[in-house]
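Residue numbers (this note's numbering), protein chains in the order written: chain A, 588 to 697; chain B, 50 to 181.
Possibly wrong hints are sitting among the right ones.
Reference listing, derived: stretches of chain A covered by chain B, where coverage requires no fewer than 3 residues with Cβ under 8 Å from a Cβ of chain B [said to hold, decoys possible]:
no., stretch
1, 615-624
2, 656-665
3, 673-681
4, 688-697
Ranges of calculated distance between the beta carbons of each label pair, as one might list FRET restraints [to be verified]:
no., chain 1, residue 1, chain 2, residue 2, range
5, B, 121, A, 675, 41 to 47 Å
6, A, 621, B, 108, 33 to 39 Å
7, A, 651, B, 108, 50 to 56 Å
Non-contacting residues of chain B with respect to chain A, defined by C-beta distances greater than 12 Å in every case (computed) [stated by the list, open to error]:
no., residue
8, 110
9, 112
10, 114
11, 120
12, 125
13, 155
14, 180
Because the hints were derived from the structure by calculation, they are not lab data. Idealized CB from N, CA, C, for every residue including glycine.
One letter stands for each residue in the lines below.
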Amino acid sequence: MIGNACLIITKPKGEEIATHGIRMAWAMFSSAMEPHVLFLGDGVFSALGNPCYNTQIMQDFLKEGGTASCYRKDLESRGLAEEQLMEGVNMIDEDQVNNIMDECEGVLTF
Amino acid sequence: MSKTLTIVLMSGYQENEDALLAVGLARAALEAGHGVNMFLFGNAVNLANKEKPIEGRVRISERLKGHQDIGKIGPEIEELASMGAQIATCHTNEYGRGTEGEDYRDGVQWGDVGETFIRFLLTTNVLLSIGH
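This is chain A alone, in the form it adopts within the complex (with noise of 0.2 Å):
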């Protein structure tokens, strides 16, 4: 049985496949399992609490304990900040995005 995993996003809004990482994650935490939603690449375009479908879900999964976290390079590589980022998005170094891969049982990239 796979009960954690993280689930990186490395799109931005506006492509599906963020999208069904964000859906699947929402789904494994509502069915008790731990994800932990990791925002690379593009995928820190996801993060930023723009309208969208995805951010509902974003801020539901927050809201409820779920974990996310934003790897500060890519962020600040794109001209973005911390402050921009969605309420509850953690901010990491790349020791932290390593961590992260050492702990989950599964990694899934969207």
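Fit chain B to the known structure of chain A by using the hints.
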């Protein structure tokens, strides 16, 4: 010891070789005695449906048809199911593509993220996403 591999496939026919990779990997796992779940997500939901027969001449050159046929892996989906793979679609993605309600290939099950995929996870040892 037998393990169960769950593949989340997000690419469909022709767009790249992801579906070919997924089918090949699933077949290898089954032949080695492992279990396989395959969740068809995104464009991969189109792999779930039976093809509609073409009436009359196929108006494609033999060379181009040969190229297209490489990616027409639908029959292999049925074969994987006959070998014991559990294969399910995401009906929401079918709805979004206007294919919900179309006939499924033999062995393919209606599915969703909230229940079917979660049920797959309950028996999963190795989890893999394929798509880009």
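How the hints compare with the structure:
no.: 1; hint: 615-624; in the structure: holds (count 4)
no.: 2; hint: 656-665; in the structure: violated (count 0)
no.: 3; hint: 673-681; in the structure: violated (count 0)
no.: 4; hint: 688-697; in the structure: holds (count 6)
no.: 5; hint: B/121 with A/675: 41 to 47 Å; in the structure: 45 Å, holds
no.: 6; hint: A/621 with B/108: 33 to 39 Å; in the structure: 53 Å, violated
no.: 7; hint: A/651 with B/108: 50 to 56 Å; in the structure: 54 Å, holds
no.: 8; hint: 110; in the structure: 32 Å, holds
no.: 9; hint: 112; in the structure: 32 Å, holds
no.: 10; hint: 114; in the structure: 29 Å, holds
no.: 11; hint: 120; in the structure: 19 Å, holds
no.: 12; hint: 125; in the structure: 23 Å, holds
no.: 13; hint: 155; in the structure: 26 Å, holds
no.: 14; hint: 180; in the structure: 7 Å, violated
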